[in-house]
Amino acid sequence: MNKAMASLALGLSMLGAAAMPVMAAGVIKIGYVDPLSGDGASVGQIGLNQLDFIADRVNAKGGVLGKKIKIIGYDDQVSPQAALVQVQKAIDDGVHVIVQGNGSSVGLAIENFVTKYNERNPGAGVVYLNYAAIDPIMTNQDCSYWHFAFDANSDMKMAALVNYMKTQPDIKKVFLIDQDYSFGHSVADAAQRMLKAKDPEVQIVGNVFVPLLKVTDFSPYVAQIKASGADTVITGNWGPDLALLIKAAGQAGLRVHWYTYYAALAGGTTAVKQANLADDVFQINEGVNNYDYAPQQAVARAYIDQHKSDTDFYPRLFDMMGMLFEAMTDANSANPVAFVPKLEDMKYKTFSSGAAAYIRKSDHQFIQPLFISVFGPLGANQPFDEEHTGWGWKVVAQIPGEDTVLPTTCAMKRPR
Amino acid sequence: MLEIIFISTLNGILYGMLLFLMASGLTVIFSMMGVLNFAHASFYMLGAFFGFEISRYMGYWPGFVLAPLLVGVIGMGVERYGLRQVHRHGHVAELLFTFGLTFVIQELIEMIWGKLPMNYSAPTALNFPAFEIFAINYPMFKLFGLSVSIAIFVVLLAAVKRSRVGLVVQAALSHPGMVGMLGHNVDRIFMLVFGLGTGLAAVAGVIAGPVLVTQSNMAALLGPILFVVVVVGGLGSLAGAFVASLMIGLLQTFAVACNLSLAGVFGQLGASGALVAYIGDIWTVTVAQLATILPYLLLVLILIFRPRGLMGTRES
Numbered sequence: 000m001n002k003a004m005a006s007l008a009l010g011l012s013m014l015g016a017a018a019m020p021v022m023a024a025g026v027i028k029i030g031y032v033d034p035l036s037g038d039g040a041s042v043g044q045i046g047l048n049q050l051d052f053i054a055d056r057v058n059a060k061g062g063v064l065g066k067k068i069k070i071i072g073y074d075d076q077v078s079p080q081a082a083l084v085q086v087q088k089a090i091d092d093g094v095h096v097i098v099q100g101n102g103s104s105v106g107l108a109i110e111n112f113v114t115k116y117n118e119r120n121p122g123a124g125v126v127y128l129n130y131a132a133i134d135p136i137m138t139n140q141d142c143s144y145w146h147f148a149f150d151a152n153s154d155m156k157m158a159a160l161v162n163y164m165k166t167q168p169d170i171k172k173v174f175l176i177d178q179d180y181s182f183g184h185s186v187a188d189a190a191q192r193m194l195k196a197k198d199p200e201v202q203i204v205g206n207v208f209v210p211l212l213k214v215t216d217f218s219p220y221v222a223q224i225k226a227s228g229a230d231t232v233i234t235g236n237w238g239p240d241l242a243l244l245i246k247a248a249g250q251a252g253l254r255v256h257w258y259t260y261y262a263a264l265a266g267g268t269t270a271v272k273q274a275n276l277a278d279d280v281f282q283i284n285e286g287v288n289n290y291d292y293a294p295q296q297a298v299a300r301a302y303i304d305q306h307k308s309d310t311d312f313y314p315r316l317f318d319m320m321g322m323l324f325e326a327m328t329d330a331n332s333a334n335p336v337a338f339v340p341k342l343e344d345m346k347y348k349t350f351s352s353g354a355a356a357y358i359r360k361s362d363h364q365f366i367q368p369l370f371i372s373v374f375g376p377l378g379a380n381q382p383f384d385e386e387h388t389g390w391g392w393k394v395v396a397q398i399p400g401e402d403t404v405l406p407t408t409c410a411m412k413r414p415r
Numbered sequence: 000m001l002e003i004i005f006i007s008t009l010n011g012i013l014y015g016m017l018l019f020l021m022a023s024g025l026t027v028i029f030s031m032m033g034v035l036n037f038a039h040a041s042f043y044m045l046g047a048f049f050g051f052e053i054s055r056y057m058g059y060w061p062g063f064v065l066a067p068l069l070v071g072v073i074g075m076g077v078e079r080y081g082l083r084q085v086h087r088h089g090h091v092a093e094l095l096f097t098f099g100l101t102f103v104i105q106e107l108i109e110m111i112w113g114k115l116p117m118n119y120s121a122p123t124a125l126n127f128p129a130f131e132i133f134a135i136n137y138p139m140f141k142l143f144g145l146s147v148s149i150a151i152f153v154v155l156l157a158a159v160k161r162s163r164v165g166l167v168v169q170a171a172l173s174h175p176g177m178v179g180m181l182g183h184n185v186d187r188i189f190m191l192v193f194g195l196g197t198g199l200a201a202v203a204g205v206i207a208g209p210v211l212v213t214q215s216n217m218a219a220l221l222g223p224i225l226f227v228v229v230v231v232g233g234l235g236s237l238a239g240a241f242v243a244s245l246m247i248g249l250l251q252t253f254a255v256a257c258n259l260s261l262a263g264v265f266g267q268l269g270a271s272g273a274l275v276a277y278i279g280d281i282w283t284v285t286v287a288q289l290a291t292i293l294p295y296l297l298l299v300l301i302l303i304f305r306p307r308g309l310m311g312t313r314e315s
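Protein sequences appear in the order of chains D and L. Each residue of the first sequence is one higher than the one before, starting from 0 at the first, in numbering that gives the first Met the number 0. Each residue of the second sequence is one higher than the one before, starting from 0 at the first, in numbering that gives the first Met the number 0.
Hints may contain errors.
Said to hold, decoys possible - Per the computed footprint, the stretches of chain D lying under chain L, defined by three or more beta-carbons under 8 Å from a beta-carbon of chain L, are:
hint, stretch
1, 56 to 64
2, 203 to 214
3, 268 to 278
4, 338 to 348
5, 385 to 392
To be verified - Counterexamples of contact, computed for chain D against chain L with all Cβ distances above 12 Å:
hint, residue
6, Asp91
7, Gly321
8, Thr328
9, Gly378
Derived from the structure by calculation, the hints contain no laboratory data. Even glycine gets a Cβ: it sits at the ideal position worked out from N, Cα and C.
All chains should be built: construct the whole structure from the sequences, respecting the hints.
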């Protein structure tokens with residue numbers, strides 16, 4: 000017994016030693032602060048997988064400035080307090096680039112923290128790359144020189160959605176349902192404002208708020224939608240709040256058009272297939288695998304082969320990292336103090352379609368073309384399905400970047 | 000108006016019955032063994048995942064039968080090798096043990112199946128609308144869940160109150176020594192009861208899996224409301240759990256349909272004034288937005304005014 004335990008201990012410690020990373024002299028560390036445990040982990044893990052994929056490809060070609068890119072995950076459990084602790088930990092670990100996306104509450108906290116940190120430690124250089132927190136105030140009232148937004152904010156997305164809905168004659172009565180927190184309220188406000196301004200014949204027949212991630216039984220809400228006589232639902236719901244809502248709608252036999260922000264996120268597409276709502280659930284985002292652009296499809300195929308159960312949820316991550324590495328190379332430095340001026344003025348060709356895109360200097364918002372796609376059975380030239388359902392996203396409209404631009408109230412304080 | 004009341008009543012009953020399915024096992028374990036099993040929601044989740052995995056190869060019905068059996072066996076193992084050792088250290092130790100078990104089970108599930116939702120669908124035999132009322136379909140599968148809940152309630156009530164086994168188990172709770180001396184294997188009885196309780200949780204998982212989302216955070220989402228049901232109904236009372244789950248189901252469903260707010264009743268506050276700054280938010284919040292915290296409000300009220308619960312038989 001003792002001999003077996005001893006050899007087991009020896010074997011395990013050798014395994015552990017082999018697993019320790021080789022400490023390279025030149026490493027550029029990038030901190031990924033998002034949920035890696037708990038409820039949000041299914042979504043947070045996907046972003047980390049994608050960043051690792053991108054880093055591996057870049058490292059295989061020699062890295063950036065001769066150094067390897069290392070992605071370090073920090074679990075914030077979608078809590079602003081925990082996220083700030085993790086950001087400080089990352090800075091202590093020698094990280095200068097913080098990547099985050101899940102949760103605008105967390106994003107705002109990080110934005111304020113990074114701004115104050117750079118003020119108190121000039122020359123230290125910490126930059127916050129935001130890939131999914133889309134509360135508009137992050138690039139308006141609360142904008143920051145050290146923050147870059149790579150996802151179109153919720154107002155921009157709503158403007159694009161409303162412009163598309165104007166062209167659909169069968170949309171007459173719209174029901175709004177959103178989660179009861181800052182993002183949900185900003186989606187509902189934007190929807191009401193923009194529908195009134197651009198499409199006044201459309202009637203808004205309902206506006207309800209669902210407690211965030213608490214409701215299990217959505218049949219009362221589905222009953223409300225049915226009672227209102229709506230033919231279209233606009234919702235910013237994500238995660239279980241969207242999946243359960245759609246499943247309840249499928250079970251109750253409700254057939255309406257669903258215009259969503261996040262139907263492609265983990266679980267949404269499975270729910271749509273289970274509810275059998277073919278070609279009725281739309282989403283707005285910046286890239287669709289089935290869009291006929293060969294370089295994008297090749298990379299998506301490579302990613303899916305490696306991670307069998309994810310799909311390419313965040314095409315903008317490829318843009319974000321591509322632009323980051325280009326800025327570092329142009330400035331010949333991995334310190335944000337040197338490369339932020341290059342990044343804020345950058346033009347880029349997007350990963351999703353090779354279209355022209357750029358970062359707006361006044362508020363650090365990435366302006367890119369957006370796609371509206373619908374989920375349903377795949378056609379001939381559409382090889383990508385989602386979550387093994389056999390159905391996939393199909394593009395129905397493409398909105399050029401210029402048509403997504405909204406004015407900003409940002410009064411950015413720049414360092415001298 | 001009548002439409003909303005009817006639909007809400009039906010939805011509330013269906014939701015309440017789902018809650019009862021889950022709470023029944025917890026009540027059995029508590030009333031027969033005095034152990035408040037924090038890991039109950041985790042066994043429910045295990046049942047859903049086992050059911051899903053079996054349904055991938057053999058279809059839904061084998062999963063419906065085998066998954067609860069498998070989880071029951073695991074429950075018996077947990078009792079035999081875990082709880083029994085901890086039992087002699089008192090109730091707090093048992094609680095901590097089951098609490099720790101929740102994390103272990105969740106991590107194991109995430110390691111095997113990952114964190115994404117699973118495509119667990121209802122069986123095609125039941126996947127059609129049972130009837131249509133006011134232009135809303137009610138799926139047959141939900142009615143099937145309702146009938147399973149009622150069947151379980153009836154069988155359990157009979158077993159606990161009337162059968163010999165039930166009496167022996169209840170006696171073993173308060174006088175284990177005496178019952179042992181009368182020739183009953185007390186240890187084996189507890190093991191079987193725990194296995195039964197976890198098996199019931201798994202039945203709930205197999206039914207709720209297709210209706211709700213089968214994902215590794217299922218237990219965390221439903222765990223808290225389970226305890227509200229059990230405490231409000233009365234610790235140890237099966238009929239109380241039945242009544243409480245119906246009550247909570249109806250309460251939450253009606254609250255969602257109710258768009259009343261203080262502003263609606265008393266009119267908007269004046270645009271200016273200190274009052275607006277302090278209670279402006281509270282004044283305009285609707286009952287619908289409060290719907291999910293109402294069960295917990297009920298829990299607090301019950302604990303203040305009737306800590307025994309509605310039909311409780313033990314103080315705890």
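Which numbered hints fail: 1 and 4
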